[in-house]
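Novice: Protein chains in written order, with this note's numbering: chain A, 491 to 621; chain B, 230 to 392; chain C, 38 to 126.
Just so you know, the hints here were simulated from the structure itself, not pulled from any lab data.
Warning: the hint list may mix true and false statements.
[Said to hold, decoys possible] Examples of chain A residues toward chain B, derived with CB under 10 Å:
| hint | residue |
| --- | --- |
| 1 | THR539 |
| 2 | LEU566 |
| 3 | ASN580 |
| 4 | TYR603 |
Ideal placement from N, C-alpha and C gives every residue a C-beta, glycine not left out.
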Amino acid sequence: MIEDATLIAEVVVSFLLVVAGLFGLVGSLGLVKLDDTMRRLHAPTKATTLGIGGVLIASMIYSAVFLDRLSFHELLITIFLLLTAPITANFIAKSYMHRHVDEADLPPTEGPYGWAVYDAVPEDERPIDTK
Amino acid sequence: MLRRIFPHPQLTLMLTVVWLLLVNTVSPGNLLLGLVFGVAIPVITQPFWQKRPVIKRPLRVVEYMALVIWDIVMANVVVAYTILFKSNARTRSAWVRVPLDLTSPEAITLLAGTITMTPGTVASALSADASSILVHCLDTDDPEAVRDEIKHRYERRLKEIFE
Amino acid sequence: MIETALTFAVTCFALALVFNLWHLARAPGVVDRILALDTMVINAIALLNLYGISQGTPVYFEVSMLIAMVGFVSTVAYCRFILRGNIIE
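Just chain A, with the same shape it has in the complex (with noise of 0.2 Å):
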């Protein structure tokens, strides 16, 4: 019964392992492969989340099943990284945005302001500050 448990426990983390390496190793070949900056964005900030969720997940029940250590560290960076992915993406984004793209590529805001990265809503009446 324990032995059975253990090697499902095995399965899971080899899988996961698995398809964590893969998912990391196809991010960063998107990162060469793709051909313009914006798609170049794309395949980091998903591909290796999962790819570091995965090991982080067969980390986590690898130590509970063979080191009989519960250990929750992993869910602590997964988190971490997962808040932190869309907002490095779209620091990334409005830099790209801010050096090489021109306003009259996008489409317009159909707005009385114009995208925060070339326009600005004067002092007095912003209602949240977006720059």
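We have chain A already, so just place chains B and C on it with the hints.
Specialist: Just chains B and C now, kept in the frame of chain A:
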């Protein structure tokens, strides 16, 4: 009075849980230390965020998190497929403008984060008056469908949670 | 079985790091370099965790936690510098 000691009750809870995760053991001593941090940090940083985010329906948050985690997994598969099996010439990227009905900064931040983590879209910029959000799609034939999906799938749920 | 999977995953992430380094050297602009560095940090975290599993110690999680934080802050600082010309206003 209670509001002076716990300016942000959710933050207190979160800091305590994060502390327990960080030390990786649940013992009365660590719980107490975590609670001390959880009470002290919101009180000290109170001047920086005076407004509390209002969560109208806490149960919907769980549903939203499950939906987003599922979408993140699917997003990974979709993007991996695009990277591996589509040539650059056949990939059609597009900028999409999504008009926003949300007004609270927390809700807009969450929506932008969700958009970035889900299939083939990255939230790139807000308009200066925060009335619409600029999204970059990796590979789409129909930008309108992307916009409608974001509005229907994520924004509607966030609106129920926050407003 | 786990050893084989570990070796496979380490190989994948090491190869990913090589790709990132290649892109870092060949990138057309400074924004691309930031992107490559950010991805490198993420892959390094994965490698550290894999090493932690193979050694059976929890020490490497603290290391990867610190690297995750430093990596995030440095990426944001780089981007802010490009966007605004300074980092702390």
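Novice: Just to be careful: measuring from the Cβ of LEU566(A) to every Cβ in chain B, is the smallest value less than 10 Å?
Specialist: holds (4 Å)
Novice: Is the shortest C-beta separation between THR539(A) and chain B less than 10 Å?
Specialist: holds (6 Å)
Novice: The hint names ASN580(A) as touching chain B; please verify it with the least Cβ-Cβ distance against 10 Å.
Specialist: holds (6 Å)
Novice: Go through the hint on TYR603(A) and say holds or violated, using the shortest Cβ distance to chain B against 10 Å.
Specialist: Interface hint status for TYR603(A): holds (4 Å vs cutoff 10 Å).
The structure fails none of the hints (numbered hints given earlier).
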